[in-house]
Amino acid sequence: MTNKETIIELKDVWKTYKMGAVEVHALRGISLKVKRGEFLAIMGPSGSGKSTAMNMVGCLDVPSKGNIYLLDKDIAKMSESELAKVRGKKIGFIFQTFNLINTLTARENITLPMVFQDYPKEERRKRAEDLLKMVELDNRMGHKPSELSGGQQQRIAIARALANEPEVILADEPTGNLDSSTGERVMDFLTKLHKEKGTTIVMVTHDLKTARHADRIEFLKDGQIVPEKEAFT
Amino acid sequence: MKLDYLKYAINNVTHRKMRSWLTVISILIGIMSIFALISFGQGLSNYVTTIAAETGVDKLIVQTKSAGIPGADESFVITKDEVDFLRKINGIKEVVGMYMKVVEVEHDDELKYVFMISLNTGKERALIEEMLTVELDKGRALKTGDRSKVVLGYNYQLENNLFERPITLRDKILIDGNKVEVIGFYEKIGNPQDDSNIYMTEEGVEYFYPEKMNKYGYVIARTELGSDPAEVAEKAEEKLRKFKDQKKGEEDFYIMTFEQAIEMFGSILSVINGVLVLIALVSLLVAGVNITNTMYTAVLERTKEIGIMKAIGAKNSDIVMIFLFESAVVGLVGGILGVLLGYLIAKGGGIIAANAGYSFLQPAFAPSLIIGCLLFSTLMGIIAGVMPARQASKMNPTDALHYE
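Protein sequences, first through last, are from chains A and B.
Everything in the first sequence is counted per my numbering, starting at 13 for the first residue and increasing by one.
Everything in the second sequence is counted per my numbering, starting at 1141 for the first residue and increasing by one.
Hints in this document: simulated from the structure, not taken from any laboratory.
Keep in mind that the hints are not guaranteed to be accurate.
To be verified - Straight-line distance between alpha carbons at most 35 Å, and here's what the computed DSBU-like set of lysine-lysine pairs gives: (1) A:Lys30 - B:Lys1455; (2) B:Lys1444 - A:Lys233; (3) A:Lys47 - A:Lys221; (4) B:Lys1375 - A:Lys156; (5) A:Lys89 - B:Lys1444; (6) B:Lys1147 - A:Lys77; (7) B:Lys1444 - A:Lys101; (8) B:Lys1534 - A:Lys233; (9) A:Lys97 - B:Lys1157; (10) B:Lys1157 - A:Lys156; (11) B:Lys1455 - A:Lys204; (12) A:Lys145 - B:Lys1444; (13) B:Lys1147 - A:Lys145; (14) B:Lys1534 - A:Lys85; (15) A:Lys16 - A:Lys30; (16) A:Lys133 - B:Lys1444; (17) A:Lys102 - A:Lys241.
Next comes chain A alone, as it looks inside the complex (with noise of 0.2 Å):
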């Protein structure tokens, strides 16, 4: 795997909130590469700063001192609509509500990332129909999330996230939300995706059973990467 194109590093990367005078170091210097094709899951316990890092490969923060690189463009260069560009094209999020759009279809919801990025919407119609026929809910097209279980919904989320078919697919908490069963349904949608397809994944999670469908496991506590060991003490 080694010899495999990097296509996110994060550089001694630093996140500082201020609350009134005090400031938090969400992240301390963090540094990781994660490579194309790679699964990787970041482990730690809540307040670890694993959303924190997350967000920022994602281009949803930018870093308060450090560089992240993605496919060797630095974010923290970049103009809001070019991040914006990269969220829409080069990342496919899923997250622990599913947050999907709740006034909108399962379809709907599909084709929205298809619609940012001006995709003819013949092209998005018959995308959201693939994507449905992926995730097995095919027939579920035409419903609200309100209309869903917490499983299907999670599964129209990672056809979302799929959508303009990303280089790399950031998955917070994918099964935090859901019961065991229903949550191994939706992780062996991810395994095989990253089987089959060969896509890149960064999954965040607290469970050690979630993340050993990950290909590599990294451990974070207090903003720091961490020893397996010294992880949970």
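Assemble the complex: chain A is given as a structure, and chain B must be docked to it using the hints.
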């Protein structure tokens, strides 16, 4: 792409039904008032134009400078000598004076106070009839020698209008205690004042009211074909002033073309209408603030949704468009319903006015007014949505995503 946002906007507007309706209603009220008011204003101005065209542009009127109903100012008079003088002025073809008087009419023990106008029985009667836009409906016209005879306005023939029992031809009525015979009726003019006029010959007026002798209250003139009426009016005013031995600027009368007079009437109406439209505009301004408020609430409510959209690739400009489309949809719907209701109100108002005798007070619905109202309300929705939409677009995606 734009169409997708529109669909999404409609989706969101219909999703929060109650709030959307309340906002729509606030715009609707403003647009409805503006539409109804302007349609009446346009109807009036159309009427003024038609009247000006029907009555012709070749007429001049001489009347008192003091405000009020023409001819009602008893202190103002034009003598027969002055009328003869005007007749000789270059450019003036015909001149006719009219006695005007408020009289008491008695019919079946009922009393009414109305306006009486004297009619010249010579060839110049046509000039008066043309000016008043009256034509004979029933009976015969007044002729020389008719002293105790009158022709009445249209409304006297109606039941429960001026009098409980309608007046018919050859009925005898009392005018200021003098018994006269009704020999004819004029056609409907379209407003209750003119339709309740009484017409008597000049000699009749002079016989029953000797004090009125030689004291015309209102004079109409017709200019020669090919002359400029405005120029003739100016010249005639100057000459009559000298004839009456009055100082410039202190004359008690003025002469203007009929067109100028009707324009003045029209401009007074449009000022009144303008003020009303202005008030309606203020209500629209309030509606605009209301849209802004609703949109701010919507932005706040959908903070998480904005975060999601940003996470899946929405640019700031996309978010701005999405919210602007929403406020535009609210504005447009308010506009459409406002125009519809305004149309119904104006139509209803026209019918009520016609039943009250003001048949000239009819709304006019120009396509430009309809389109203008719709564009205006949509534009207002967009403007009202600008600030909330910008706020939405500027949200930090991480913060927005974690907003609960």
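So which of those numbered hints doesn't the model satisfy? The structure breaks hints 4, 6, 15; every other hint is satisfied.
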